[in-house]
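Here's the letter readout for the chains.
2 protein chains.
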Amino acid sequence: MIQKKRNGEELTGEEIQFFVKGYTEGSIPDYQASALMMAIYFRGMNEKETATLTQAMVDSGETIDLSAIEGHIVDKHSTGGVGDKVTFIVGPLVASVGVPVAKMSGRGLGHTGGTLDKLESIEGFNIEISKDVFVNNVNTNKLAVAGQTGNLAPADKKLYALRDVTATVDSIPLIAGSIMSKKLASGADSIVLDVKTGSGAFMKTLEESEALAKEMVNIGKNLGKNTVAVISDMNQPLGYEVGNANEIKEAVEILQGKNVKDLRRLSLEIASHMTVLAEVFSSYEEAYEALEANLENGKAFEAFRSFVSAQGGNVEMIDDLTKLPKADYHIEVKAEQDGYVAEIDAESIGVAAMYLGAGRATKDDVINHGVGITLKKKIGDTVKAGETLVVLHSEKETANDSRDKVKAAYTIIENAPTDTTLIHKVIK
Amino acid sequence: MIQKKRNGEELTGEEIQFFVKGYTEGSIPDYQASALMMAIYFRGMNEKETATLTQAMVDSGETIDLSAIEGHIVDKHSTGGVGDKVTFIVGPLVASVGVPVAKMSGRGLGHTGGTLDKLESIEGFNIEISKDVFVNNVNTNKLAVAGQTGNLAPADKKLYALRDVTATVDSIPLIAGSIMSKKLASGADSIVLDVKTGSGAFMKTLEESEALAKEMVNIGKNLGKNTVAVISDMNQPLGYEVGNANEIKEAVEILQGKNVKDLRRLSLEIASHMTVLAEVFSSYEEAYEALEANLENGKAFEAFRSFVSAQGGNVEMIDDLTKLPKADYHIEVKAEQDGYVAEIDAESIGVAAMYLGAGRATKDDVINHGVGITLKKKIGDTVKAGETLVVLHSEKETANDSRDKVKAAYTIIENAPTDTTLIHKVIK
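These protein sequence lines map, in sequence, to chains A and B. When we follow numbering that gives the first Met the number 0, the leftmost residue of the first sequence carries the number 0, and every step to the right adds one. When we follow numbering that gives the first Met the number 0, the leftmost residue of the second sequence carries the number 0, and every step to the right adds one.
Chain A on its own, in the form it takes in the complex:
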């Protein structure tokens, strides 16, 4: 089978299933799996092979049964970026038009916390709810978020760990299969993918991002789940806030009607596709208009409040955002020259936030919900020497490593840069 793939031949469904089963059970050793992964890196996989691999990985473990939830469940997944708090906006927004959002999330490693960590910025918020409470909350409020339990796609977990140490991560069909296997095991009826592209994303070029998006949409189609992918820009952090409590704060401000341009626009884009897939609206335009109205009339905010309250969170913190956890020190990083912001390396901003304590470098690190970074300038903004570029929310009086990282992340030039594109493409 390794030789077949090495020679560029198509693998049969039986062969792929045999491999996934054998590898998960341990009868196929790591060294054969890694050789196969490398052969796939070079030879790729066609649509059929990729779909079969994904389904075999789903079948390797448990799948979550959400049939007790009423309505068409649409899941949303982001390939990961800096300052990405879209889930906290899209969830209540979609719920506000009656589409159930049943989100299982992880903590993971990263520059900032995961969805669960960010929600735990809200005092009392409980993510460890039982399946019954989860289902009941979704049926009542159309929105619940819980920690991921169960052994979803164990084949993917094992393969990913192997790929990570054998230079076989960067294969589009393998990445697509890995993401989609977890999504498909989570039991949603349809999926909207936010595929990030740019310097702060896993996929640096539009070409790669588009290839990944197409591959995932094809997997979804082949396995009977309607899937839409939005390719969105990650050449700078999304919105102005990076961290945990401050990301919740910015998301809530959007829900309260504030217009943070890129963040609001992308959230409405994703929510529109989700609600169209759920067949609540018949067109994107119709969805967009209705959802935008719900940001302005308070219905989306109200959905968020109910959700927080149902999971034990202190709603006062949402009503008065100054009550969210805050860091002790606020360190301003200033521009050294006049000009325009041309680039903000998102990954460096993420790393700077992690240095402050907003994320986990290793599994055992404890997250500090109050620390983080507020951008004062984004790409295209004019800057004067001495003006503040960024505020570091720090637990310590000085944060030189973060300050240096942030300074290096900004590129300031003399002339106005060309406009950035937020939404590059939608793949259906």
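The reader is advised that the hints may include incorrect statements.
Which copy is meant is left open, so a pair is good if it fits within one copy or across any two.
Unchecked claim - Simulated crosslink set (SDA-like; lysine to any residue; CA at most 20 Å straight-line):
| id | residue 1 | residue 2 |
| --- | --- | --- |
| 1 | Lys130 | Val425 |
| 2 | Lys203 | Asn6 |
| 3 | Lys213 | Leu320 |
| 4 | Lys257 | Lys333 |
| 5 | Lys3 | Phe41 |
| 6 | Lys325 | Asp364 |
| 7 | Lys224 | Ala407 |
| 8 | Lys362 | Gly311 |
| 9 | Lys424 | Thr373 |
| 10 | Lys203 | Thr387 |
| 11 | Lys3 | Ser170 |
| 12 | Lys322 | Arg264 |
| 13 | Lys257 | Gly297 |
| 14 | Lys130 | Gly186 |
| 15 | Lys3 | Lys203 |
| 16 | Lys3 | Arg42 |
| 17 | Lys3 | Asp163 |
| 18 | Lys3 | Val164 |
| 19 | Lys298 | Arg263 |
| 20 | Lys157 | Pro28 |
| 21 | Lys383 | Val425 |
| 22 | Lys157 | Glu122 |
| 23 | Lys157 | Asn399 |
| 24 | Lys3 | Phe201 |
Since the hints were made in silico from the structure, they are not lab data.
With chain A fixed as given, assemble chain B onto it according to the hints.
Leaving out everything else, chain B in the frame of chain A:
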């Protein structure tokens, strides 16, 4: 390092040494080694990388010190074919002009026995001689053959076993490095390689064989050993005999002056290059003439007698070849139609010989020295229906599996086929 090779970048000497050392010691796991091997399969290695890999594999174990042997030692290696008894002719032939041949051989698996098994057809022949006896024999008779002892190129052994189960054997630089690491560890000053090409060879096409030959010659050059490769035909067995005792018999007949065309020609070719490398002759033509004379004047045969005698072998068996071990039954396989022999699939003849007991299918099989196959017709010969194509020397009265295999190996056509080429190319 895996990623670097995967991306087509050149590995540094330090990286390759680090890998070979780490893999041999066990600090680099199989799954990373197999991924690297697959990346090398796709990306190849340049001359420098291949030489460094080979040297690192040599350095992973012991090397044989042959400095106590007087003169310029030339080793000879064949990539393996059916009916290949060239070593038994070339060894005494080269020794007969004063060039020391100090040969370490293995048994291995295969259609027929290895060099050691074939020599053990001669009653009393002892391959388990001490290093001192070995060196002394070479200095006295210019020829000795011993079982390979010592831990030569353990990195190659470990890597080869891994490549075998991960579809990464078929990589020219890896094959070349594997062969050359063992040869270089064996302590010769120069090396002549007999690279077989054709249906009965590991390399089926001339193009592949030439690529392998060039790669090995380059490794030799880069590591300071003069190396010549002869690309010779293996589209039919070499000579007329396939087995153990019968191969010794045919080799001795050549040493006694008989002209078995392909076998004699190839032996003289290889011996000529060996003696030129040893600087006994200044040109190929001069060497060829002198060596041919030594086949005719009995000096080469005399060298073989002394060699057999020195290692305890019964010389009577050499003087009277009818005394060599013989099988009980001689089964004739006859042609079913008139015509010309167009093809003899060498591999099938080899497998048929193994069925008779001439080779080992598994490590524990015991070789029967008397059994084997005698070809009565070779490519280009005319055949009449009912004429004998092949004689099977069998321990059993019937040998239907061998008979069927041999029958299927022969292709007989109406018109005379084009002449076959024996020596395709010499790479220096």
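Each hint tested on the structure:
{"no.": "1", "hint": "Lys130 <-> Val425", "in the structure": "neither (34 Å within a copy, 75 Å between copies)"}
{"no.": "2", "hint": "Lys203 <-> Asn6", "in the structure": "between (29 Å within a copy, 16 Å between copies)"}
{"no.": "3", "hint": "Lys213 <-> Leu320", "in the structure": "neither (39 Å within a copy, 73 Å between copies)"}
{"no.": "4", "hint": "Lys257 <-> Lys333", "in the structure": "neither (26 Å within a copy, 95 Å between copies)"}
{"no.": "5", "hint": "Lys3 <-> Phe41", "in the structure": "both (13 Å within a copy, 14 Å between copies)"}
{"no.": "6", "hint": "Lys325 <-> Asp364", "in the structure": "within (19 Å within a copy, 77 Å between copies)"}
{"no.": "7", "hint": "Lys224 <-> Ala407", "in the structure": "neither (43 Å within a copy, 53 Å between copies)"}
{"no.": "8", "hint": "Lys362 <-> Gly311", "in the structure": "neither (26 Å within a copy, 69 Å between copies)"}
{"no.": "9", "hint": "Lys424 <-> Thr373", "in the structure": "neither (28 Å within a copy, 72 Å between copies)"}
{"no.": "10", "hint": "Lys203 <-> Thr387", "in the structure": "neither (28 Å within a copy, 71 Å between copies)"}
{"no.": "11", "hint": "Lys3 <-> Ser170", "in the structure": "both (18 Å within a copy, 15 Å between copies)"}
{"no.": "12", "hint": "Lys322 <-> Arg264", "in the structure": "neither (27 Å within a copy, 95 Å between copies)"}
{"no.": "13", "hint": "Lys257 <-> Gly297", "in the structure": "within (11 Å within a copy, 104 Å between copies)"}
{"no.": "14", "hint": "Lys130 <-> Gly186", "in the structure": "within (13 Å within a copy, 71 Å between copies)"}
{"no.": "15", "hint": "Lys3 <-> Lys203", "in the structure": "between (31 Å within a copy, 18 Å between copies)"}
{"no.": "16", "hint": "Lys3 <-> Arg42", "in the structure": "both (10 Å within a copy, 18 Å between copies)"}
{"no.": "17", "hint": "Lys3 <-> Asp163", "in the structure": "between (23 Å within a copy, 14 Å between copies)"}
{"no.": "18", "hint": "Lys3 <-> Val164", "in the structure": "between (23 Å within a copy, 13 Å between copies)"}
{"no.": "19", "hint": "Lys298 <-> Arg263", "in the structure": "within (15 Å within a copy, 96 Å between copies)"}
{"no.": "20", "hint": "Lys157 <-> Pro28", "in the structure": "both (11 Å within a copy, 16 Å between copies)"}
{"no.": "21", "hint": "Lys383 <-> Val425", "in the structure": "neither (37 Å within a copy, 74 Å between copies)"}
{"no.": "22", "hint": "Lys157 <-> Glu122", "in the structure": "neither (35 Å within a copy, 57 Å between copies)"}
{"no.": "23", "hint": "Lys157 <-> Asn399", "in the structure": "neither (38 Å within a copy, 49 Å between copies)"}
{"no.": "24", "hint": "Lys3 <-> Phe201", "in the structure": "between (30 Å within a copy, 18 Å between copies)"}
The structure shown violates the earlier hints numbered 1, 3, 4, 7, 8, 9, 10, 12, 21, 22 and 23.
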